[in-house]
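**Student:** Using the sequences provided together with the hints, build the complete structure.
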Amino acid sequence: MSLFPATAAAKSAGRRAPRTAARPVRRGQRAAYGFIAPLGIGFGVFYFWPMIQTFYFSFTEFGPFGGHTWTGTDNYARVLRDVTVWQALGNTLIYCGIGLVALPLAIVVAALLNRRGLRGVAVYRALYFVPFVTLPVAVGLVWNWLYNGDFGLLNEILGWFGVDRHYWVSDPSTAVLAIGAVMVWSTTGYYLIIFMAGIKSIPRDYYEAAELDGAGPVRRFFTITLPLLSPTLFFASVICMIQSLQTFDLIFIMMGEKNPAVGETQSVVGLFYTWAFIENAQGAAAALAFLLMLLIAGLTYLQFRLQRKWVHYG
Amino acid sequence: MRRRTLLCSGLAAASAPVLAACSDEGGGADGGGRTTVSYGMWDPAQVPGMKQIIAAFEKANPDISVRIELTPWSSYWTTLKTSMRGGTAPDVFWMNAVNFQLYAAHDVLEPLSEHIEHDRTPVDRHPEQLVRLYAYDGIQYGLPKDFDTIGLWYNKDLFDKAGVKYPDTSWTWDDLRDAAAELTNPRERVHGFCSEMQRQLVLYPAIHAAGGYVLRDGHSGFGDERSVEGLRFLTDMIDRGWSPPQSAMVENIGRVRFWSEKVAMVHDLSAMAGQMYAVPALKDHAGVTVLPKGRERTTVIHGLANVISAKSDKKAAAWKFVHFMASRRAAEIQAESGVTISSYAGTQDAWLKSMPEFDLKHFIDMEKYGVPYPSSKNTAVWENLQYPLLGAAFSGKGGIEDAARTLGEQMDRALKEERG
Numbered sequence: 000m001s002l003f004p005a006t007a008a009a010k011s012a013g014r015r016a017p018r019t020a021a022r023p024v025r026r027g028q029r030a031a032y033g034f035i036a037p038l039g040i041g042f043g044v045f046y047f048w049p050m051i052q053t054f055y056f057s058f059t060e061f062g063p064f065g066g067h068t069w070t071g072t073d074n075y076a077r078v079l080r081d082v083t084v085w086q087a088l089g090n091t092l093i094y095c096g097i098g099l100v101a102l103p104l105a106i107v108v109a110a111l112l113n114r115r116g117l118r119g120v121a122v123y124r125a126l127y128f129v130p131f132v133t134l135p136v137a138v139g140l141v142w143n144w145l146y147n148g149d150f151g152l153l154n155e156i157l158g159w160f161g162v163d164r165h166y167w168v169s170d171p172s173t174a175v176l177a178i179g180a181v182m183v184w185s186t187t188g189y190y191l192i193i194f195m196a197g198i199k200s201i202p203r204d205y206y207e208a209a210e211l212d213g214a215g216p217v218r219r220f221f222t223i224t225l226p227l228l229s230p231t232l233f234f235a236s237v238i239c240m241i242q243s244l245q246t247f248d249l250i251f252i253m254m255g256e257k258n259p260a261v262g263e264t265q266s267v268v269g270l271f272y273t274w275a276f277i278e279n280a281q282g283a284a285a286a287l288a289f290l291l292m293l294l295i296a297g298l299t300y301l302q303f304r305l306q307r308k309w310v311h312y313g
Numbered sequence: 000m001r002r003r004t005l006l007c008s009g010l011a012a013a014s015a016p017v018l019a020a021c022s023d024e025g026g027g028a029d030g031g032g033r034t035t036v037s038y039g040m041w042d043p044a045q046v047p048g049m050k051q052i053i054a055a056f057e058k059a060n061p062d063i064s065v066r067i068e069l070t071p072w073s074s075y076w077t078t079l080k081t082s083m084r085g086g087t088a089p090d091v092f093w094m095n096a097v098n099f100q101l102y103a104a105h106d107v108l109e110p111l112s113e114h115i116e117h118d119r120t121p122v123d124r125h126p127e128q129l130v131r132l133y134a135y136d137g138i139q140y141g142l143p144k145d146f147d148t149i150g151l152w153y154n155k156d157l158f159d160k161a162g163v164k165y166p167d168t169s170w171t172w173d174d175l176r177d178a179a180a181e182l183t184n185p186r187e188r189v190h191g192f193c194s195e196m197q198r199q200l201v202l203y204p205a206i207h208a209a210g211g212y213v214l215r216d217g218h219s220g221f222g223d224e225r226s227v228e229g230l231r232f233l234t235d236m237i238d239r240g241w242s243p244p245q246s247a248m249v250e251n252i253g254r255v256r257f258w259s260e261k262v263a264m265v266h267d268l269s270a271m272a273g274q275m276y277a278v279p280a281l282k283d284h285a286g287v288t289v290l291p292k293g294r295e296r297t298t299v300i301h302g303l304a305n306v307i308s309a310k311s312d313k314k315a316a317a318w319k320f321v322h323f324m325a326s327r328r329a330a331e332i333q334a335e336s337g338v339t340i341s342s343y344a345g346t347q348d349a350w351l352k353s354m355p356e357f358d359l360k361h362f363i364d365m366e367k368y369g370v371p372y373p374s375s376k377n378t379a380v381w382e383n384l385q386y387p388l389l390g391a392a393f394s395g396k397g398g399i400e401d402a403a404r405t406l407g408e409q410m411d412r413a414l415k416e417e418r419g
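Residue numbers (numbering that gives the first Met the number 0), protein chains in the order written: chain A, 0 to 313; chain B, 0 to 419.
Think of the hints as simulated: they come from the structure by calculation, not from any bench.
Wrong hints could be hidden among the right ones.
[What the hints assert, rightly or not] Sample of chain B residues with no beta-carbon within 12 Å of chain A, all distances over it, derived:
| no. | residue |
| --- | --- |
| 1 | Arg66 |
| 2 | Glu109 |
| 3 | Glu127 |
| 4 | Gly345 |
| 5 | Asp348 |
| 6 | Ala349 |
| 7 | Pro355 |
| 8 | Asp358 |
[What the hints assert, rightly or not] Incomplete in silico selection of chain B near chain A, CB under 7 Å:
| no. | residue |
| --- | --- |
| 9 | Met83 |
| 10 | Val380 |
| 11 | Gly390 |
| 12 | Ser394 |
[Unchecked claim] Keeping only pairs whose Cα atoms sit at most 20 Å apart, straight-line, the calculated DMTMM-like set for lysine to aspartate or glutamate is:
| no. | chain 1 | residue 1 | chain 2 | residue 2 |
| --- | --- | --- | --- | --- |
| 13 | B | Lys282 | B | Asp358 |
| 14 | B | Lys415 | A | Asp81 |
| 15 | B | Lys376 | A | Glu278 |
| 16 | B | Lys313 | B | Glu113 |
| 17 | B | Lys396 | A | Glu256 |
| 18 | B | Lys282 | B | Asp159 |
| 19 | B | Lys367 | B | Asp123 |
| 20 | B | Lys310 | B | Glu68 |
| 21 | B | Lys58 | B | Glu331 |
| 22 | B | Lys415 | A | Asp73 |
| 23 | B | Lys396 | A | Glu263 |
| 24 | B | Lys314 | B | Glu57 |
| 25 | B | Lys415 | A | Glu278 |
| 26 | B | Lys415 | A | Glu60 |
| 27 | B | Lys310 | B | Glu109 |
| 28 | B | Lys396 | A | Asp170 |
| 29 | B | Lys396 | A | Asp163 |
| 30 | B | Lys376 | B | Glu416 |
| 31 | B | Lys292 | B | Asp358 |
| 32 | B | Lys50 | B | Glu335 |
| 33 | B | Lys313 | B | Glu109 |
| 34 | B | Lys376 | A | Glu60 |
| 35 | B | Lys313 | B | Asp106 |
| 36 | B | Lys155 | B | Glu181 |
| 37 | B | Lys415 | B | Asp136 |
| 38 | B | Lys164 | B | Glu356 |
Backbone N, C-alpha and C define an ideal beta-carbon position, used for all residues, glycine too.
**Tutor:** This is the structure:
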């Protein structure tokens, strides 16, 4: 029996479950299938079937009004040859790197909010969580106003310190960072909630024992909180990476098509959108989407391999 | 066993509404034997005017009723394409030049030439360039309903402050440059002009005014020397500080700068007159005139057309409506509603009178020499090349010549691909 319910759950998820020989289907199992059917059917119809279709269409030229002709691997050749794809891929990896900044930020805030005797934790938690539940469109618009080169609050404040006004989202050198900052701002709250729950499951007596031994708050954070939080951190980092590789809406809202920094900020999904819905190249877009899926699957697999080296299960 | 039957009936119950929804489509006639024609459009500002026209049409054709299907601009084309695939597209809908040839080439529009001949639709009363914009391979697929030209809007207040004479129909590019220099006031953060990277309003008119072209006989004009000259005229104003750079205009477009009186002159559409008129300060001291003359005096003309879906099962009624929309009566009602210029010749008086403070007549005069908005079968593909390639040059980084040439090459490649 484990003392730590949360980590025990993560443990069984992380390690390979023991293989069992096929058993005869029992009556109870049929009922179980009945219960998962609604979700299973929904998943099948709205996720799995479109995925198979996308895979098929990635080998075709797709007419703007329906109808498609088999073109073999032409679309994949186009994707790999296109320089904009590689640029978008580079941008996406940068977003992914910036997006992961939310994790350490969330851990630190979670540790601070978990201090004993802190009042109004619920208020803080709600405040941090609000950006995450706000529509990305609204987030993008509001931040565009803050960033606005002529009338924005950011430039106004920097102006007090003698900093020249700057067009944050339309200067290619700052646009990615400006968008990345908003990404981090809007996702930190989500990971904060996850980490706070993770920290809650660490028994208090560990801290008390460490305190008696004379460990300071920083030491306690690094030797107790962080290692015992690593399963949660692993889960969060997988989710965070997948989400930032699929990033689109915020960039779409914040950039606009006439932005001189479009090339420097376009993500893979953004490029997919342009191909599929503006340039009527659905076939090539399907190929691009499929390659992105492979990339995400590959990186996630890599993360699962690497976790053995750094995740502690209690 | 019982469980399985329960599951099956559950599935049947769940799919029942879907089936009902499917069979609901297609039936056109309502209870009273009237045919209902659906009319797809995107501009909410035009709904009241369109409703008046529909009322007049329904009065003349008691057996037909028209139902407006409004889809916001941002999703209009995606929705339309999808609904064409699924067979639920409106019977009659708005079309623009960018998308027209794509639709016509894929045979999803009803050819109108025979109908026009049979019913003697007054096509010749509409601007010829516009009518031609909606013909493909010699067949007419759409009938214009309105048109837009681009004029030079100016802020009289800023002109007075700088002591510069107002623009008029004699102006050339030299006058525009001189005035832009005089009007620019860095301390007030006021610019003389907006060399905005906006194809319809600024890029295309400048290219044509310099004697260049955008698209001719299936070839790109961006590499053309005169086209480059037109573009250089624009970027030069940015380099000299008489226009904000594009990086600044992404965040506050020329139109908004003009509304907030931070720029003295902008190019803008006739259709924007109503919005200018709604800005209290501008109603009093904004003026409008024709675009200044470069090597040539020109503007870009574009207009929407009504088209009929080839998949419609109510084509006869739909044609009656499109025919009516191209008539003098419909054009007059549209002009009175004051949003756009009706394309029917001689019906624009009501529009002119709706905003007496502005000299709107120039927009109509420009129709004579306006160049139609350039388009091909897959216009969006090469249009999409423009902003990323020209962006740096329009942000004061130089290199417009190379950028335009590269754009010309890439556009030619896209055009070649589109021919197949």
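**Student:** Need the status of pair Lys282/B, Asp358/B: alpha-carbon distance at most 20 Å?
**Tutor:** Between Lys282/B and Asp358/B the Cα gap is close to 12 Å, so the pair holds against 20 Å.
**Student:** Checking one constraint from the list: CA of Lys292/B to CA of Asp358/B, max 20 Å. Satisfied?
**Tutor:** Distance of about 19 Å is within 20 Å: holds.
**Student:** Against chain A, is Gly390/B within 7 Å by beta-carbon distance?
**Tutor:** The hint holds - Gly390/B has a Cβ within 7 Å of chain A, the shortest such distance being about 3 Å.
**Student:** Just to be careful, I want the Cα atoms of Lys396/B and Asp163/A compared with a cutoff of 20 Å; is the pair within it?
**Tutor:** holds (19 Å)
**Student:** With the threshold set at 20 Å, check whether the alpha-carbon distance from Lys313/B to Asp106/B stays at or below it.
**Tutor:** holds (17 Å)
**Student:** Checking one constraint from the list: CA of Lys396/B to CA of Glu256/A, max 20 Å. Satisfied?
**Tutor:** With a Cα-Cα distance of about 19 Å, the restraint between Lys396/B and Glu256/A holds, given a limit of 20 Å.
**Student:** Straight-line Cα separation of Lys376/B and Glu416/B no greater than 20 Å?
**Tutor:** Holds - the C-alpha atoms of Glu416/B and Lys376/B are around 11 Å apart, at most 20 Å.
**Student:** Check the hint pairing Lys415/B with Asp81/A against an upper bound of 20 Å on the C-alpha distance.
**Tutor:** Distance ~17 Å between Lys415/B and Asp81/A Cα, so the pair holds.
**Student:** Please verify that hint: Val380/B, Cβ, nearest Cβ of chain A, below 7 Å or not.
**Tutor:** OK, holds: Val380/B within 7 Å of chain A, min 5 Å.
**Student:** Need the status of pair Lys415/B, Asp73/A: alpha-carbon distance at most 20 Å?
**Tutor:** holds (17 Å)
**Student:** Could you grab the alpha-carbon distance between Lys155/B and Glu181/B and see if it respects the 20 Å cut-off?
**Tutor:** holds (14 Å)
**Student:** Has the given pair, Lys313/B with Glu109/B, been kept, meaning a C-alpha gap of at most 20 Å?
**Tutor:** Holds: Lys313/B and Glu109/B sit about 11 Å apart, inside 20 Å.
Hint check: no violations occur; every hint is consistent with the structure.
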